[in-house]
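Undergrad: Work the whole structure out from these sequences, hints included.
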Amino acid sequence: MRHDDPPSGDLALSVRDLSKRYRNRTAVDGLSLDLPAGVVAGFVGPNGAGKTTTMAMFLGLVRPTGGDGTVLGHPLDHPAGYLHRVGALIESPAFYPARSGRDNLRILAAIARIDPGRIPAVLDLVGLTDRAGDRFRQYSLGMKQRLGIAAALLGDPELLILDEPANGLDPEGVRDMRTLVAGLGQGGRTVLVSSHDLSELEQVCDWLVLIDRGRSLYQGPAAGLQGGTALGLRTRRPEEAARVRQALRCAGLAVSPFDRAAADPADADFTGLEVAVGDRHGDLADLAARVNQLAFDAGVVLTELAPRRRSLEDRYLDLVKTELVKTDLVKGDHR
Amino acid sequence: MTHVVRAELLRLVHRRSGLGLLAAATAFAAVVGLSIYAGATAAPAGPAGPAGRRSGASVASLSGTGGGTEAFVVGASFVGFFVFVTVIALMAADLSGGTFRTLAQREPRRVRLLAGKVAAVLAVAAGVVAATEALTFAASLVLAPLYGVPTAGWFSLASLGDAAVDAGTVLAGVAGWAVFATLVAVVFRSVPVALAAGFGWAGPFENIVSESWSPGYRWFPGQVLAAVIRGGNAELGFGRAAVTAAVYAAVAAAAALWVLCRRDVTA
Numbered sequence: 012m013r014h015d016d017p018p019s020g021d022l023a024l025s026v027r028d029l030s031k032r033y034r035n036r037t038a039v040d041g042l043s044l045d046l047p048a049g050v051v052a053g054f055v056g057p058n059g060a061g062k063t064t065t066m067a068m069f070l071g072l073v074r075p076t077g078g079d080g081t082v083l084g085h086p087l088d089h090p091a092g093y094l095h096r097v098g099a100l101i102e103s104p105a106f107y108p109a110r111s112g113r114d115n116l117r118i119l120a121a122i123a124r125i126d127p128g129r130i131p132a133v134l135d136l137v138g139l140t141d142r143a144g145d146r147f148r149q150y151s152l153g154m155k156q157r158l159g160i161a162a163a164l165l166g167d168p169e170l171l172i173l174d175e176p177a178n179g180l181d182p183e184g185v186r187d188m189r190t191l192v193a194g195l196g197q198g199g200r201t202v203l204v205s206s207h208d209l210s211e212l213e214q215v216c217d218w219l220v221l222i223d224r225g226r227s228l229y230q231g232p233a234a235g236l237q238g239g240t241a242l243g244l245r246t247r248r249p250e251e252a253a254r255v256r257q258a259l260r261c262a263g264l265a266v267s268p269f270d271r272a273a274a275d276p277a278d279a280d281f282t283g284l285e286v287a288v289g290d291r292h293g294d295l296a297d298l299a300a301r302v303n304q305l306a307f308d309a310g311v312v313l314t315e316l317a318p319r320r321r322s323l324e325d326r327y328l329d330l331v332k333t334e335l336v337k338t339d340l341v342k343g344d345h346r
Numbered sequence: 108m109t110h111v112v113r114a115e116l117l118r119l120v121h122r123r124s125g126l127g128l129l130a131a132a133t134a135f136a137a138v139v140g141l142s143i144y145a146g147a148t149a150a151p152a153g154p155a156g157p158a159g160r161r162s163g164a165s166v167a168s169l170s171g172t173g174g175g176t177e178a179f180v181v182g183a184s185f186v187g188f189f190v191f192v193t194v195i196a197l198m199a200a201d202l203s204g205g206t207f208r209t210l211a212q213r214e215p216r217r218v219r220l221l222a223g224k225v226a227a228v229l230a231v232a233a234g235v236v237a238a239t240e241a242l243t244f245a246a247s248l249v250l251a252p253l254y255g256v257p258t259a260g261w262f263s264l265a266s267l268g269d270a271a272v273d274a275g276t277v278l279a280g281v282a283g284w285a286v287f288a289t290l291v292a293v294v295f296r297s298v299p300v301a302l303a304a305g306f307g308w309a310g311p312f313e314n315i316v317s318e319s320w321s322p323g324y325r326w327f328p329g330q331v332l333a334a335v336i337r338g339g340n341a342e343l344g345f346g347r348a349a350v351t352a353a354v355y356a357a358v359a360a361a362a363a364l365w366v367l368c369r370r371d372v373t374a
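Protein sequences, first through last, are from chains A and B. Residue numbers 12 to 346, in the working numbering, belong to the letters of the first sequence in order. Residue numbers 108 to 374, in the working numbering, belong to the letters of the second sequence in order.
Please note that the accuracy of each hint is not assured.
[Claimed, not checked] Residues on chain A that point at chain B, a partial pick, calculated with CB under 8 Å: (1) L70; (2) G71; (3) L72; (4) R74; (5) G77; (6) G78; (7) T81; (8) I118; (9) L119; (10) I122; (11) V331.
[To be verified] Now the stretches of chain B that chain A is said to cover, found in silico as 3 or more residues with beta-carbon under 8 Å: (12) 128-142; (13) 202-211; (14) 368-374.
Hints are computed from structural coordinates only; laboratory data are not their basis. We put the CB at the ideal spot given by N, CA and C, even for glycine.
TA: What follows is the structure in structure tokens.
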């Protein structure tokens, strides 16, 4: 699943074995990453996966404990060599609350030696022209995020790093942000945008980097992570589903419940199961027959058995789950 | 570093902050002028007491060369402490509120970033000190006739020189306070914690300890800076105070830069 071979062509960013350890916690654990120039890349992982720490290391804010790499061809440990070509919004947007959005951009333009004549253009791009004279503290969360993006765009950067730009926004704000991010990648600019929610990014990204607990799970074209097909089945009662699940697992099949992401446990579907279709399972019909037989042998009559299109998010969750199982196995070996 | 200074000046100097500082300087001139002239004794002032506790001005000292800015110098100890507290609040807010992170992405050389910020604060402080001195001089001009203090000697070339020296010593003391404030802010980062630590040390701690341990007047940073601002006092001459303050400020600046450069920017 992992793309071990670096992508061909120019790399906007390349790091090897990047690590960040705090006293009793490893935030980033030997992460290697190659980001081709010109892609809009989604940097996806659950909360606490190490996305922000990784991005902070790219920006020279956090010093890596180990590993090295280059950003726009310059060594990672010399951020002054490349940061003038990088724009970033990391963590929450931080500006002087008593100063207007426009004044805050003037301050940043001065410190970065950027022509302040670009300020109206970036304000226009993020749709803040009408509110540019208001104090930052009067902005809504969405406006603050947009000002953060305007600040990142001030220097017309070659590499744009955005950390959860849609975090905390309402559905309309998320949609607007998605449209904005998609537009930012036009014209050859490389964009690395993080999120804990793959569905936010899958429509706008042509490259994906998935991480969990500081380790890379997948990196490569978004198309390479497309979901494929699974086999869905349903039983009459939850306890029957549990029996079937046990039987399928004993037979070596990867099986998971439907609706794993249900926010409310009351909404979860405890009677549906999904069987992953691997290369070794051959024809889907053969697999269906085998599943049906195994369920029957377990004393369960299935009420539904049908192919099921798997989403990108399903694949992502599978990867995270597989990594968890691997980690648990390793921990078990060490006990 | 000039780009950092320029950016920081853009942050610090605007209409609202200008009006606020002008109001503070005017209030300072009025309050300090009134208290100095109302408390001026007819007899020549005796030897100064311990640092920060000079007994006050006399009509004779106020009417001599430099008398026009004496009220400013006597009250300027408070300016140093005001700068100390203000710089702690500004710097710690930057470091804990994320604006330092925003700036560090634009200027990753943290030595330049911090030095530029302090330089900008000092540039503003220089303007405020000059304006405060001018306003206190104006207030003194109004108050002097009311308290029978002649002002003829205030307009000589020597008086102008004294005024420049007074402004210089006050600014030197203020610079020292700003550097110490920066160290406190960098070490503690949180605004309330940094303010509590700075206020507690330079306020009650130094003064209470110095009451019972007189070398404190010569060695505690706050007392040394107070002596610099007052142009020396009975405990500590200006020359020694200036050298001690310079050494302290250099150590504080180096410590602040060392801590800032070693730490990750996480806020």
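Undergrad: Examine the stretch 368-374 of chain B for residues whose CB is less than 8 Å from any CB of chain A, and state whether their number is three or more.
TA: Coverage by chain A holds for the stretch 368-374 of chain B (3 residues, Cβ < 8 Å).
Undergrad: With 8 Å as the cut and Cβ atoms as the points, is R74 (chain A) at the interface with chain B?
TA: With a closest approach of 6 Å, the R74 (chain A) hint holds.
Undergrad: For the hint on I118 (chain A), does the least C-beta distance to chain B fall short of 8 Å?
TA: Because about 5 Å separates I118 (chain A) from the closest Cβ in chain B, which is inside the 8 Å limit, the hint holds.
Undergrad: Mind checking the CB of G78 (chain A) against every CB in chain B and telling me if the closest is under 8 Å?
TA: violated, 15 Å
Undergrad: If you take the shortest Cβ to Cβ gap from V331 (chain A) to chain B, is it below 8 Å?
TA: violated, 25 Å
Undergrad: Min Cβ distance, L70 (chain A) to chain B: is it shorter than 8 Å?
TA: holds, 5 Å
Undergrad: Under a C-beta cut-off of less than 8 Å, do 3 or more residues of the stretch 202-211 of chain B approach chain A closely enough to confirm the stated coverage?
TA: holds (count 7)
Undergrad: Would the hint on L72 (chain A) stand, with a C-beta cut-off of 8 Å toward chain B?
TA: holds, 4 Å
Undergrad: Against chain B, with CB atoms and a cut of 8 Å, does the hint on I122 (chain A) hold up?
TA: holds, 4 Å
Undergrad: Verify the coverage statement for the stretch 128-142 of chain B against chain A, using a C-beta to C-beta distance below 8 Å and requiring 3 or more qualifying residues.
TA: Result for this restraint: violated, n = 0.
Undergrad: Given G77 (chain A) as an interface hint, is its Cβ closer than 8 Å to any Cβ of chain B?
TA: The hint is violated - G77 (chain A) has no Cβ within 8 Å of chain B, the shortest such distance being about 15 Å.
Undergrad: Can the hint on L119 (chain A) be confirmed by a CB-to-CB distance to chain B that is less than 8 Å?
TA: For L119 (chain A), the interface hint holds, since the closest Cβ of chain B sits about 6 Å away, which is under 8 Å.
Violation of the numbered hints given earlier is confined to hints 5, 6, 7, 11 and 12; the remaining hints are satisfied by the structure.
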